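**Student:** Produce the entire structure from the sequences given, and follow the hints as far as they go.
In the order they appear, the protein sequences are chains F and B. Be aware that the first sequence starts at 0, since it is given in numbering that gives the first Met the number 0, and climbs by one per residue. Be aware that the second sequence starts at 0, since it is given in numbering that gives the first Met the number 0, and climbs by one per residue.
Keep in mind the hints are simulated off the structure, nothing from the lab. Among the hints, erroneous ones may be present.
As the list claims (entries may be wrong) - Label-pair distances were calculated between CB atoms; the ranges are:
hint	chain 1	residue 1	chain 2	residue 2	range
1	F	H137	B	K32	42 to 50 Å
2	F	V207	B	V39	58 to 66 Å
3	F	G298	B	R165	29 to 37 Å
Said to hold, decoys possible - Simulated pairs of lysine-lysine, DSS-like, Cα-Cα distance not exceeding 30 Å:
hint	chain 1	residue 1	chain 2	residue 2
4	F	K92	B	K110
5	B	K92	F	K110
6	F	K21	F	K32
7	B	K50	B	K21
8	F	K71	B	K92
What the hints assert, rightly or not - If you want the footprint, here are the derived chain B segments under chain F, 3+ residues with CB under 8 Å:
hint	region
9	140-147
10	160-172
Quick caveat, the model's predicted, so the values are computed rather than measured. For every residue, glycine included, the Cβ atom is placed at its ideal position computed from N, Cα and C.
There are 2 protein chains.
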Amino acid sequence: MHILMTGAAGMIGRKLTARLVKDGHLNGQPIEKLTLTDVVAPAVPQGFSGKIDLTVSDLPAPGEAGKAIAEKPDAIFYLAGVVSGEAETDFDKGYRVNLEGTQQLLAAIRKTGGGYKPKFIFTSSMAVFGAPFPPAVHDEFHLTPLTSYGTQKAICELLLADHTRRGFLEGVGIRLPSIVVRPGKPNKAASGFFSSIIREPLAGQETVLPVDDSILHTHASPRSAIGFLIHAAGLTRAQLGDRININMPGVCCTVAEQIAALRRVAGDKAAARIHREPDELVMRIVAGWPSRFDARRAGALGFKAEASFDDIIRAHIEDELGGKIAA
Amino acid sequence: MHILMTGAAGMIGRKLTARLVKDGHLNGQPIEKLTLTDVVAPAVPQGFSGKIDLTVSDLPAPGEAGKAIAEKPDAIFYLAGVVSGEAETDFDKGYRVNLEGTQQLLAAIRKTGGGYKPKFIFTSSMAVFGAPFPPAVHDEFHLTPLTSYGTQKAICELLLADHTRRGFLEGVGIRLPSIVVRPGKPNKAASGFFSSIIREPLAGQETVLPVDDSILHTHASPRSAIGFLIHAAGLTRAQLGDRININMPGVCCTVAEQIAALRRVAGDKAAARIHREPDELVMRIVAGWPSRFDARRAGALGFKAEASFDDIIRAHIEDELGGKIAA
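**Tutor:** Quick look at the structure:
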């Protein structure tokens, strides 16, 4: 099996690569080749015995999408994307990367022909939904995004579903909740603080909370996100039916509950490193996001997330900090 | 006021033009100029005292969208489109006309700048919804179209909402039910038979019914559709809120009830001109469409349709046949 991964240099890309290398197979088939692509060079994965192709590519640029799938990869993990805050401040860039990039890749696959029909696992987002919301956003709630990022993801979902229906590929879109705790440095995502308020205190650093403590939100760990992607790749067309875009499960809690979990896991000193500095742009974007989900379909299809926010913090400490917390 | 109309040579375009000319104003402002554009030359409207610009244009072609809005029309009625059957059989053409054409026009408006912010009335379709459906498709039901046409319309709705939210224009999308009775010759729309089974018998001609009598569907007359467009143009951003794409009302009935209404209005002889010839492609497309709607929002916003299918037939006899039915 040959796997293509776009956005491979990103956090999810690196973790998914490591998991695929560790597993050595996908859907019971040995992985013979990994093609990793991104706008910056992806790192060479360690310990992989198969072929590796690392490429730097700007997917929406002419000819790039065609090159990316020239060797007809069997499965495509589509992780490329401009994050929500940046898509909101740079309208052109957001549409170019998040919409045109996907369109180009779908078109290149469609034009390949000769029975080529790859598995296409697309990372979507809960930002496809927009306020006002019912108490829990269920699987049949309409798509009325209130950000350009959410709009771009919703459009890609529609394109993926139509290309799947027409038989050009086998698509599945997974709507990720906020991925927390993200390792490394903050990115430009408006949701970045959900990670920072845990990650920085655990590392002994001060951090800023730009929204109110009462904000209710749904989270899943990077470890769960990788699990969702792998699980999605194994779902059949018969299991998915026509509605291939699915809400993923997660832990729903308030910022106050996140901080309480941090206090339980890492003590008062860690919690005291969070400083409140309201940010209007972030508050406006977050207010347009849903808080709670009824991810019934995902549950029935076998997707699994953490059971508590404490577990999400522990996953971060195990996976990123070697089990150690700053004093 | 300067009004631009795309798809102006089509049935709705011609009727909307006639209505605008008759009214002489839109939203209380006198109409000084009408720019009518289509891929074939629109007809010269009769009795209009203002300026008229008739243009033949292929909107997705480079530069054409920019030309269409170069004079900064105050209101744009966007009627252009490839119909459902054709969008299903010609994938490329459907996406080019129904998606790229809209994208080009939205981009041209956005790039105009200088405070230009036209009213943009977009004709969408109930085909944005896909089976399985609840007993009535309500305003918050999710968008999972089962045709390429429905996919293209749903994507345009999302783009229109995002462009409106970002302040580039004032958009409103109206999801038309099937427009029945369409005058003239059958077009390539899969829904064409809903009109043919009334229009041809009233004109003394034989016609074919390609689906089962039990098919339940929602209809509005061309007269109502024009009313929806004019009413939509008058709605304010405050009235619409963020959810600018709205289900339109209509008359919900089975094909058998349509035929019964025909019998009441035009007699047994007319009804006997309908011949049953099942067509698999048409049946498959129609099976993916919703049948009944709860158009509560449209009602609250003041949109009005006919009260019965008899009224829809009578509107056709009045507007198209000069009150006369074939013996």
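**Student:** So, for every hint listed, does it hold in this structure?
**Tutor:** Hint check results:
1. Judged by the Cβ atoms, the range 42 to 50 Å given for H137/F and K32/B holds: they are separated by roughly 48 Å.
2. The hinted window of 58 to 66 Å between V207/F and V39/B holds, with their beta carbons roughly 60 Å apart.
3. At about 36 Å, the beta-carbon gap between G298/F and R165/B stays in the expected band of 29 to 37 Å.
4. Proposed proximity of K92/F and K110/B is supported: the alpha carbons are some 14 Å apart, at most 30 Å.
5. Proximity of K92/B to K110/F is assessed by CA-CA distance (about 14 Å); at most 30 Å being required, the pair is judged to hold.
6. With a CA separation close to 14 Å, the supplied pair K21/F and K32/F stays within the 30 Å bound.
7. Under the criterion of a C-alpha separation no larger than 30 Å, the hint pairing K50/B with K21/B is consistent with the structure, at around 15 Å.
8. Distance check on the hinted pair: K71/F and K92/B sit about 26 Å apart at the alpha-carbon level, within 30 Å; holds.
9. For a cut-off of 8 Å, the count of residues in the region 140-147 of chain B with a CB near a CB of chain F stands at 7, and the three-residue condition holds.
10. Given as covered by chain F, the region 160-172 of chain B passes the check, having 4 residues with a CB less than 8 Å from a CB of that chain where 3 are the minimum.
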